[in-house]
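Peer 1: Protein sequence lines, in the order shown, are assigned to chains H and X.
Per the numbering used here, the first sequence starts with residue 762, numbered consecutively.
Per the numbering used here, the second sequence starts with residue 9, numbered consecutively.
Derived by calculation from the structure, the hints in this document are not laboratory data.
Heads up, a few of these hints could be off.
Stated by the list, open to error - Using C-beta positions, here's what the derived DEER-type ranges look like:
1) X/Y282 <-> H/E822: 53 to 63 Å
2) X/M123 <-> H/P849: 28 to 38 Å
3) H/V931 <-> X/G217: 35 to 45 Å
4) H/D943 <-> X/G217: 53 to 63 Å
Claimed, not checked - Here are the simulated lysine-lysine pairs, DSS-like style, with alpha carbons at most 25 Å apart:
5) X/K210 <-> H/K834
6) H/K939 <-> H/K874
7) X/K210 <-> H/K865
8) X/K118 <-> H/K893
9) X/K210 <-> H/K851
What the hints assert, rightly or not - Partner residues aside, some chain X positions facing chain H, computed with beta carbon under 7 Å:
10) D188
11) D192
12) A209
13) V211
14) I215
Note that this is a predicted model, so its numbers are computed, not measured.
Glycine included, C-beta positions come from ideal geometry on N, C-alpha and C.
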Amino acid sequence: MASLSMKSVRKSYGAVEVIKGVDLDIADGEFVVFVGPSGCGKSTLLRMVAGLEEITAGTMEIGGRVVNDLEPKDRGIAMVFQSYALYPHKTVYDNMAFGLHIAKAPRAEVDAKVRKAAEILKLEPYLDRLPKQLSGGQRQRVAIGRAIVRNPEVFLFDEPLSNLDAALRVNTRAEIAKLHRDLGATMIYVTHDQVEAMTLADKIVVLEGGYAQQIGTPMELYHTPANLFVAGFIGSPKMNYIEVTVAGVSTDGVKVAAPDIGEALLPIDPGKAAVGDRATLGIRPEDMRHGKTDGITVSGNVELVERLGHETLVEITTTNGLDLKGIIDGTTLISLGDTTDLSFAAASCHLFDSAGKAFTRREVPEVVRARRGT
Amino acid sequence: MPSRTPETRATSLFMRYAILVLVALIFVFPLVFMLVSSLKPSMQLLSDTSSIRAFLPVGDISLDNYTASFARAPVALFIFNSIFVTSVTVVLNLVICSMAGFSFAFLDWKGKDVMLSIVIATLIVPLETIAIPLLLVVNNLPWIGADGIEWGWLNSYRVQIVPFLSDALTVFLFVQYFRDLPRDLIEAARIDGASWFQIYAKVIMPISGPVIATAAILRFLAMYNQYLWPLMVTQSEQYRPVMVGLQYFFQLNTDWGQVMAYLSMITVPVLAFYLALQRAFITSIASTGIKG
């Protein structure tokens, strides 16, 4: 296993720059997820790690060794493709053994490695089958098996679950997490699904427009997003935004004002904020309460009610045209057309300056600093 | 829309089969005529052509025409020559053109697109146009044989094989087929450590059965049916293929029964080859449309 480091890594196709300078350090054994919307460059970055795309500028190191000009086979990586990319004419056994045969490994060693991987992935009954005789989930496991037998320093996964149905996706996700625990390998995983990112990652890299918008643990990204993009991308439903004006700055925090919320003092480090600045207040739907139970209250007309059983998603529109979503208790009696109040605590608020950059929150849940798994 | 009754469905099915049978007969009749006529004496053959008897093995039926054909021309030698030249050319052509197609489809090299355009452009140049210059070229080429260096390739197998080791159509078929294969397969093989040649030989070619069958049939037919080029380059009987051999039956008096017997014999290898590959050929046509 090995660490991985990127320094100012860039990628251009002619005049079009798709990766605009990414710096990233991945520790040995870490599970890192690249996440972002379509076209953000996450798969390109992964393929640059794999050696399938050339690096236009910057340095890529795997295990302390610069790999910029190395062939994929010499980088100590193995990759699981979205399409699985199994060789259709080879059996499961031969698919997994192909790389070892190419490397001219002794037959006994090949057999031992393939059978061990098959045992880990519960593929033993299928070793003689062709890929077309397998289900989607089984094919996916063969693709992972092919990666395992290479005994790579870094595993790369390119949206490996996107071709599976919802139930199988949950199972396979858990299997990949278990695999990571069992192998202790460094893994890089690309997805556009934030649930996969949140559940699997030790560290998430949120990519957008060719930049790493934020790199951090899932809880850091959720509770202390660096900017409006990350705040909106991580969390579902999306964070609510309220346009506000800075009405006061003090050692206690930042006082903001907006027509729908009046004035509110937020426990946020003022930084360079000045009275009169435009800013955006962010509040997650799950931090909203029904009624005037918390510090800041917003009244509006109920436009949407989605009952999910244990919770209910409501959307209200204020008289000023502001739309807010809230996740409230599933037993709350509420109907379309009602006028209702949603409230939230000042401590739950995020604040972003006019450029979209987040101010530092003073009250952050302990879980942000806790180690993963606690 | 009113639902169709079983009767209308049966009528429609009958009509469809009737049309298919008719079309099949149109294609089969010339072959039946050839086979049946090969069994008849020339006089009877000619008199039968004005009636349905032309397609029926009736009258004075025998294998005499076959015996006479062998006496008139070295039929077995011609068939051997054709099969040898065609087989060697097809096999080498498939190897060379698939490699070229692989390079055009998967490798990055400067001028690749221009080169492919030039290759495709040669499709419009018929052999007749370049036959004379080509003849001059092969007539001045060296060859290292048992007796040292010889000059000129005329009267040999190689002169019928080498100029046809590659062709634009086959390259084009492979390029089109390869471009539709998932690139992930290539990349997975690269990560597995395979060289480009190993990717070609162990990953791509084993899954290219349909295009190989298609190209093989098209090449086989083109080579087997060659007439002009072998006529120009083979003066001695020893290297002549079947189509040139047909001339032997039109010298002095033409015996149509013998002609039909000869044609029947030289059609057998083509039919056998096609039948062997027809499943893959039809799969290719059906699954890849005009590409195949």
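Peer 1: Each hint should be assessed against the structure and marked as holding or not.
Peer 2: Results for each hint:
1. Distance hint check: the CB atoms of X/Y282 and H/E822 are about 58 Å apart, consistent with the given range 53 to 63 Å.
2. Remark: the range hint 28 to 38 Å for X/M123 to H/P849 is upheld by a beta-carbon distance near 30 Å.
3. Between H/V931 and X/G217 the CB atoms are about 38 Å apart, so this pair conforms to the stated range of 35 to 45 Å.
4. With their beta carbons about 40 Å apart, H/D943 and X/G217 fall outside the hinted range of 53 to 63 Å.
5. Note on X/K210 and H/K834: the hinted pairing holds, with a Cα-Cα distance of about 17 Å set against a maximum of 25 Å.
6. Straight-line distance between C-alpha atoms of H/K939 and H/K874 comes to about 19 Å, which keeps the hinted pair within the 25 Å bound.
7. For a cut-off of 25 Å, the pair hint linking X/K210 to H/K865 stands: about 14 Å separates their Cα positions.
8. Taking the CA atoms of X/K118 and H/K893, the gap is about 37 Å. The hint is violated against a cut of 25 Å.
9. A hinted pair counts as satisfied when its Cα atoms are at most 25 Å apart, and X/K210 with H/K851 qualifies at roughly 10 Å.
10. Residue-level restraint check for X/D188 is violated (minimum Cβ-Cβ distance to chain H is 14 Å; threshold 7 Å).
11. Here the hint on X/D192 is kept, as its CB sits about 4 Å from the closest CB of chain H, short of 7 Å.
12. The restraint placing X/A209 at the interface with chain H is violated, with a minimum CB-CB distance near 11 Å, outside the 7 Å limit.
13. The interface hint given for X/V211 is met, as the beta carbon of that residue sits about 6 Å from the closest beta carbon of chain H, less than 7 Å.
14. Satisfaction of the interface hint for X/I215 is found here, the shortest Cβ-Cβ separation to chain H being roughly 5 Å, below the 7 Å cut-off.
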